[in-house]
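K.L.:
Chains as they are written, first to last, in full-length UniProt numbering: chain A, 1 to 351; chain B, 1 to 744.
Just to be clear, a hint being listed does not mean it is correct.
Said to hold, decoys possible - Partner residues are not named here, just some residues of chain B that face chain A (Cβ under 8 angstroms, in silico):
id	residue
1	Glu121
2	Ala175
3	Asp614
4	Thr661
None of these hints come from the bench; they were simulated from the model. The beta-carbon is built from N, C-alpha and C at its ideal position, and this holds for glycine as well.
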Amino acid sequence: MNRFDYVRPRTVAEAVAAGAEPGSAFLAAGTNLLDLMKIGVARPARLVDLNHLPGLAAIEHAPDGGVRIGAQVRNADLAYDPDFARRFPAVAEALLSGASAQLRNAATVGGNLLQRTRCAYFQDTASSCNKREPGSGCDARDGENRLHAVLGWSEACIATHPSDFCVPLAAFGAVVEIEGPAGRREVPLQDFHLLPGKTPERETVLAPGELIVALRLPAEAAAFAAHSRYAKLRERTSYAFAVVSAAAGLRMQGGRIAAARLALGGVAAKPWRTEAAEAALLGAEPGADAFRRAAELALAEARPSGENEFKIELARRIAVRALTLAAAGTPDRLPALPASPFAPIPGGLHG
Amino acid sequence: MAEVHHMRHGSNAGQPITRRDGVLKVTGAARYAADNHPQGMLYAVIAAARIARGRVAALDVAAAQAHPGVVEVMTAANRPPLAVHPDDKSVPFSFRMDLLQDDRVRYAGQPVAVVIAETLEAATEGAALLAPRYRAEPVEVTLDAPGAFVTEVVGVGVPGEQHYGDLAAGLAAAARRIEATYETPTQFHNAMEPHGVVASWDGDALSLDMPTQGFALTQMRLAALFGIRAEDIHIRSPFIGGGFGSKLLSGPQVLGVLAARLIGRPVKLVLTRAQMYGPVTHRAPTRQTLRLGAAPDGALTAVHHHVRTVTSRFDDFLEPAAGVSHTLYAAPAIATTYEALRLDIGTPGFMRAPGEASGSLALEGAIDELAAACGMDPLEFRLRNYAEVEPISGKPFSSKALRECYAQGAARFGWSGRPLTSRSLRDADGKLVGWGLGTATFPALMFQAEARAVIRRDGTGVVETGAHDMGQGAWTAFAQIAAESLGLDVGQVEFRSGSSDLPNAGIAGGSAHTATVGSAIQAAGEQAVARLAELAVADPRSPLFGADNIGVVARDGRLVRWDDGSRSESFAEILDRAGLEMVEGRGSAAADADAAERYAMHAHGAVFAEVKVDPELGQIRVTRLVGAFAAGRIINPRLVKSQYYGGMIWGVSFALHERATLDRRTGRVMNADLAEYHMPVNADIPSVEAILVDEEDPHVNALGVKGVGEIGITGSAGAVANAVWHATGVRVRRFPIAMEELLG
């Protein structure tokens, strides 16, 4: 690990100013950043510690049903907030399916959005990686790429975004609140992460010094609470990133789908919301045929980036599964094996 | 040694007492090697090669030296001289080491320099600043590489190729034949405690805190390398955080010793997790082709087990995977053959059940396939081919309760309702359900060990032996044996171990430590008691006077006449009257060559697995595991069950999780951390049970103990894989089983 400066701003304005200086990196829980520093992938000249900023750790439930989540809220605290879990069960389920209990206790909401990819070639400083070192090439392209992207990738980069949390956030229209040197702005989560194109080193819309201060989920997102699930395939039951995952929400009216939300995880450099698939579900009767059609649409542009063609079909199937589970209704308690295909449904369904 | 805090069920051999060191471990008071900080200690960090073949062209030593806190950089240019070349293998079980002898890189992760600094952080950054430049050469790291050669010798000088009967005739006579190729991946040691050492020199005397599975061999190798006397090397290893065959003496530990030599101060060197994927041995991949034939009634007519596996370019260890076919199933013709490749990898080595683990996975799969081809239940098929004598040698077994293992395991599991056809069971949620069986086997070995036992004037005992507790509970089991042999409660015996200045206990390996060291302890204890008895029966003042023809027994701190329990005397009284501070006994143990010549000696078991598989998504869950094992006498059922659980869970890992991903172009391990190198978590193991099947063995050793450390992994992986087939109808022969193989 390189030697670095450490600053502890007392206000958001100080943090933004410090963060705007070249070589700065914001430090929240550090569950990802410190690991990357230890393996030499991140070598910031200055860590700007956000842990002592006031006012960023609140979960504020609005009367209309929406919620505003401070960027410093810990993943576990959010998932176990009873009001939050009741209104946004798929988000809570996604949170609890990620990482390990220890990491969830530390990791923050804001940091989760900025997780770096788990691509082994990004993490291995002896490999070529356009994301880590622009223009150096992509060793993943012809390497061990079984779990790499099938949507939105480019010749420059085939990495995926690892977050579970972001998948339902994209599906349910979360908004990111950002403070920066040029003031405050808001960006829909769906537009927050960038596809790699020719500049895979640019992963989000954040400019230097810009700081995530909060996330909002709108009231309309809570309208999906009764039919809202996250499903995740992984190579062990916890502490593993998604092979593919899906968040689904349905609003039912008279036995038909009045509104649908669907986003996929583990397939692209961003959580992959597909409005075409959502539109195809409108007015449909919930069931295998409609869900399969939606899944086909969601993956319509998918193509393998390596030895990962199976992920395309697997992503369709996890989309169908998430929609099927959502249609069946949200369980009234989060499953003991969150998002697992083996999660028994505890008790009754969400009232 | 640890205080005894919990004593629940009595104390001596056969009782399931909890670990004597359990409280120390859960409170963090147990001092592992890396917990030591001698005065003036520096930290050493290895810089590891990022290429797998070629030469180090340049190291930026100046940059590392300039980093604040860095004291010295050790490279091939300034590394202290050694008395013998690091390739020297004159000490048994030695592997060639990479000790900065030249600029050659032979595998990714090979040490190319060591940075010594005042802090771990400075040493770590110094190692990064070396920024080696290489002249890389093309590498081969896969089983598909060219250049395979036939070999008759595998493991450490073990004859691998063996032929019994007429294979061609056996295959020709078969009514049912199968040929199947199974592939197992590279696996790396991931003991919780990484390899490390804290080394201090005092002239030519060397003091070491380090985890090791064998004091004497480690002393001998270090003595040879440094040209010093073995008795001048003192090693403390009171606790080991897992060994599994990787912790004899590793090259990185020798580099720590070299660093201390170079700098003249104590040095600590501990590998990072990532650095364990290279220089500390691993389990090599295998591609195993099984050709089996069976008569119409299911009787095997032929078994051919062919193994393709790999070793490094510079040393030899070939996974002896076909060995299980020598012993498991009766057949008139058995052949085991090998071909090998030299690759640009670190040398593979011992990793829990080396050979048996991967070999039994393939054999148990093929047996399952043939049972299905014969339309027979897999258990019935195995019983049909039950080996009454060891097939390859014709020797009788010293004991073999495998039939009882099958019966008890099957009863507990509920095997009898199993439909023959695959993909025919579903649970209420629509998940596919499958049941699979695997036979477990591991040889019952003996090495050599010595022990010393003392009965003190206060009536308490001391037993000493330089043994190794790698987490398996040896300190507790040995104390139980010691107490039993001395006729004392375990709380009255001080058991001293884990240090090289105690009697030589050999190595903790081959699942033979309890059998070997336990036998030596038993002999030492018996001799101490005999000395005490000599004092008593010859003394007219003793109530035991004249008992020589009838004999006495040690019990509860007293010597008691066999024929008259009312006549007894305490140890303390005997010693007190004799005016002695103590009596001492010495014991040793080794394989009984005569018994080994007459008998085949193996532990056995049967593992039953239930899996559920999501029919659309291919995700697998092992919902139940039941293993029934027969391994001779059981010293501590609680600890033995823990060994079985651990082995069975590793079997699940083998079948479903574990795989090192080597980039075929660079030879680097691309998942060298515990986040990406998957093994099961608690949530993957909802139910595991181990049944201890009674077995008496008068031949294996004085205690009748067979090993339990490795057998649990054998059979288990096969049981899980066979259950996946039974659930899905898909026979996956490449491991770990991936969900995409089951998508249909």
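K.L.:
Next, verify each hint and record whether it holds.
P.N.:
Hint check:
{"no.": "1", "hint": "Glu121", "verdict": "6 angstroms, holds"}
{"no.": "2", "hint": "Ala175", "verdict": "38 angstroms, violated"}
{"no.": "3", "hint": "Asp614", "verdict": "4 angstroms, holds"}
{"no.": "4", "hint": "Thr661", "verdict": "5 angstroms, holds"}
Against the hints set out earlier in the document, a violation occurs for number 2 only.
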